[in-house]
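Respectively, the protein sequence lines represent chains L and U.
Numbers given in the numbering used here equal positions in the first sequence, counted from 1, plus 3.
Numbers given in the numbering used here equal positions in the second sequence, counted from 1, plus 7.
Take these hints with a grain of salt, some might be off.
A few chain L residues that face chain U, going by a derived Cβ cut-off under 7 angstroms, partial list only [claimed, not checked]:
1) R95
2) S101
3) L108
4) Y115
5) T287
No lab work stands behind these hints: they were computed from the structure.
Here a beta-carbon is modelled for each residue, glycine too, at the ideal position from N, C-alpha and C.
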Amino acid sequence: MWDALTSIIPLGIAYTAPLLIIALGGLYSERSGIVNIGLEGLMGMGAFATAVFIALTQSTLGVASVWIGLLVGALAGGLLSYLHAFASVSMRANQVISGTAINILSAALTVYLARAITGSGNVQIIQKFSKSDVAGLSSIPVIGPLFFSNAYITTYIVMAIVIFSWYMLYKRPFGLRLRACGENPQAADSMGINVQKMRYIGVIISGALAGLGGAIVITTYSGEFSNLTFNGLGFLALAALIFGKWNPWGVLGASLFFGFAKTLASMTLIFDNLKDMPNILFNTFPYVVTLIALMLFSKNAAGPKAAGEPYDPGKR
Amino acid sequence: MSKLSEMFMDDARRNRMVPFISVILGFLVGAIIILLSGANPIEAYGALIQGAFGSLKKIGDTLLYSTTLILTGLAVAFAFKTGLFNIGASGQMLMGGFIAVLLGITLDLPRIILLPICITSSIVAGAVWAFIPGVLKAKYRVHEVVTTIMMNWISVWTVYYFVPELIRGPFDTESANVPANALLRTEWMTKLFDGSYVNLGLFLALITALIIWWVLDRTTFGYELKAVGFNPDAAQYSGMKVNRNIIYSMMISGALAGLAGATFYIGYASNIKIGVSPTQGFDGIAVALLGLNHPLGVVLAALLFGFMNAGKLSMQIATGVPNELVPIIIATIIFFAATNEMIKGWLKRIGNKKSDKERGAK
Numbered sequence: 004m005w006d007a008l009t010s011i012i013p014l015g016i017a018y019t020a021p022l023l024i025i026a027l028g029g030l031y032s033e034r035s036g037i038v039n040i041g042l043e044g045l046m047g048m049g050a051f052a053t054a055v056f057i058a059l060t061q062s063t064l065g066v067a068s069v070w071i072g073l074l075v076g077a078l079a080g081g082l083l084s085y086l087h088a089f090a091s092v093s094m095r096a097n098q099v100i101s102g103t104a105i106n107i108l109s110a111a112l113t114v115y116l117a118r119a120i121t122g123s124g125n126v127q128i129i130q131k132f133s134k135s136d137v138a139g140l141s142s143i144p145v146i147g148p149l150f151f152s153n154a155y156i157t158t159y160i161v162m163a164i165v166i167f168s169w170y171m172l173y174k175r176p177f178g179l180r181l182r183a184c185g186e187n188p189q190a191a192d193s194m195g196i197n198v199q200k201m202r203y204i205g206v207i208i209s210g211a212l213a214g215l216g217g218a219i220v221i222t223t224y225s226g227e228f229s230n231l232t233f234n235g236l237g238f239l240a241l242a243a244l245i246f247g248k249w250n251p252w253g254v255l256g257a258s259l260f261f262g263f264a265k266t267l268a269s270m271t272l273i274f275d276n277l278k279d280m281p282n283i284l285f286n287t288f289p290y291v292v293t294l295i296a297l298m299l300f301s302k303n304a305a306g307p308k309a310a311g312e313p314y315d316p317g318k319r
Numbered sequence: 008m009s010k011l012s013e014m015f016m017d018d019a020r021r022n023r024m025v026p027f028i029s030v031i032l033g034f035l036v037g038a039i040i041i042l043l044s045g046a047n048p049i050e051a052y053g054a055l056i057q058g059a060f061g062s063l064k065k066i067g068d069t070l071l072y073s074t075t076l077i078l079t080g081l082a083v084a085f086a087f088k089t090g091l092f093n094i095g096a097s098g099q100m101l102m103g104g105f106i107a108v109l110l111g112i113t114l115d116l117p118r119i120i121l122l123p124i125c126i127t128s129s130i131v132a133g134a135v136w137a138f139i140p141g142v143l144k145a146k147y148r149v150h151e152v153v154t155t156i157m158m159n160w161i162s163v164w165t166v167y168y169f170v171p172e173l174i175r176g177p178f179d180t181e182s183a184n185v186p187a188n189a190l191l192r193t194e195w196m197t198k199l200f201d202g203s204y205v206n207l208g209l210f211l212a213l214i215t216a217l218i219i220w221w222v223l224d225r226t227t228f229g230y231e232l233k234a235v236g237f238n239p240d241a242a243q244y245s246g247m248k249v250n251r252n253i254i255y256s257m258m259i260s261g262a263l264a265g266l267a268g269a270t271f272y273i274g275y276a277s278n279i280k281i282g283v284s285p286t287q288g289f290d291g292i293a294v295a296l297l298g299l300n301h302p303l304g305v306v307l308a309a310l311l312f313g314f315m316n317a318g319k320l321s322m323q324i325a326t327g328v329p330n331e332l333v334p335i336i337i338a339t340i341i342f343f344a345a346t347n348e349m350i351k352g353w354l355k356r357i358g359n360k361k362s363d364k365e366r367g368a369k
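Produce the entire structure from the sequences given, and follow the hints as far as they go.
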């Protein structure tokens, strides 16, 4: 049992980290009032840019190429999300349609470019983050082997961003302004907040974090970009965002839950007493639970009130 | 006032021009990408057209690809018209197709009975799959975009489990083949189009488009559904059963997507693969948007996308331009169609300039 835990928990955490950071990206966007179902595409664009950058520079830059690759992924996601911001903020387009366009565009464009670069549509990297033990902390009994051994450094970066986001969104004026744009843009406008600008910022942060999520996928457990990189992580992040009630700690909890459900689903073959259970139960578990939770908690749903509605300053 | 400036002046006309301009812009962006990757856009587009219309078989294939898109496009458009965003056409299509394949393989009946059973079941399966998001929306106000995404994944894993379990084929990743008497293909159509798999689904799709047009435009039921979509509060106030209509809308939309699944899995393909969600469900969003949610527009948009999908492999083989170019163009078209305010702004400016000139001339 202990062996099982020490193998599942580090793996589950590794899987949770990108999911969490993508969902957190969605939080910024939706709190500002823009629904972002393009997270999947933004994640894929980040993954692609990171993979290409590392593949091109790993021989000259070495480990530094992986670190810069993370930034490149975030930048690429941020750049692509600008399209979504332009469509949904400036052009007042239907945000779900614009997000869908981002998803289709990203999946097609990245594979197109990958094919043009490598011929096969896959981009493999050699340099990536390796699992390591955190010095000192990993020797703590029980907690050490579970949370500080065999861990990727990116997990701690993600945790730091979650804490920072909570502080920014709930303890600083910036967060108050951003959230006001998602709750009642008219009121925010009348208080002198530039709703359009705040929404641009929200969407672009979401793109950068989703891109970073894709970069983490590439530099940790995947190690290659292909069309399989688009495997629904962005949509699962969207579910985690809603399940987590648009709140950083809720999103953390929901992401952990989904991350471990997924890990368990992929590990069922290893455990004898789980092997004979139909895999459909594990694989559909996160989605079914989300549906049930949405039904049960619908009465006190906490979604930003103005999310999805274009802001029209003329409308009062 | 000249005809041309009139064309740009009137709001409704500007709306109708948006899709055409979006398509042109989409192909322009595609041309730039081809140029950047070092190929010749005229050659590539020539090969695309050649690949879609170059022979009877290729024309048949274009119609074949369009068939499924007409139905998923109608599914999304119907939901849109009634105020719902059905992003789950993909999952509903998969379930419809799965049931059709399952029954086609397991039931041993004469074709005249078996085929209607398969088709009807696919429609019912799609409707049942959409019933859940419908109820969650109507009774619990859970947004359908979220629930339909969840349902898409549940359908992928359902097929992933049941295909190897119930109708395993020669490979682990796909089902056994559907026998000929449960396929929508007919000898005369295959012959007419020189071996293309274009099939009876085409007629099903066109008839369905007519029916949907009739329901939406000519019946009280359609009027009520649209009223609920337009303003649920007003519809409630005037005595319509809003919640019930939301569920009906969602189920009809799902039924259309389910039928799309039948045309795809027992018409285009003859088996079902596991672990993939059909992209036609998502393309249906683009088709509906481009067709302005009108059944006739949906058919035209589906034909356009069918043409691009049929020709893309020929383009890749002839010119080396990766076939992912086609979804890039589709995404660009959606993007321009979604940012229609921009295009309408341009048209307005052209219109104003024209009428200014005329005023000056007078």
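Tested hints:
1. The beta carbon of R95 of chain L comes within 6 angstroms of a beta carbon in chain U, closer than 7 angstroms, and the hint placing it at the interface holds.
2. With a cut of 7 angstroms, the hint placing S101 of chain L at the interface with chain U holds, because the nearest CB-to-CB distance is about 5 angstroms.
3. At about 4 angstroms, the closest approach between the beta carbon of L108 of chain L and any beta carbon in chain U falls short of 7 angstroms, and the interface hint on this residue holds.
4. This hint holds: Y115 of chain L has a C-beta 4 angstroms from the nearest C-beta of chain U, less than the 7 angstroms allowed.
5. Given the 7 angstroms rule on beta carbons, the hint for T287 of chain L holds: about 5 angstroms separates it from the nearest Cβ of chain U.
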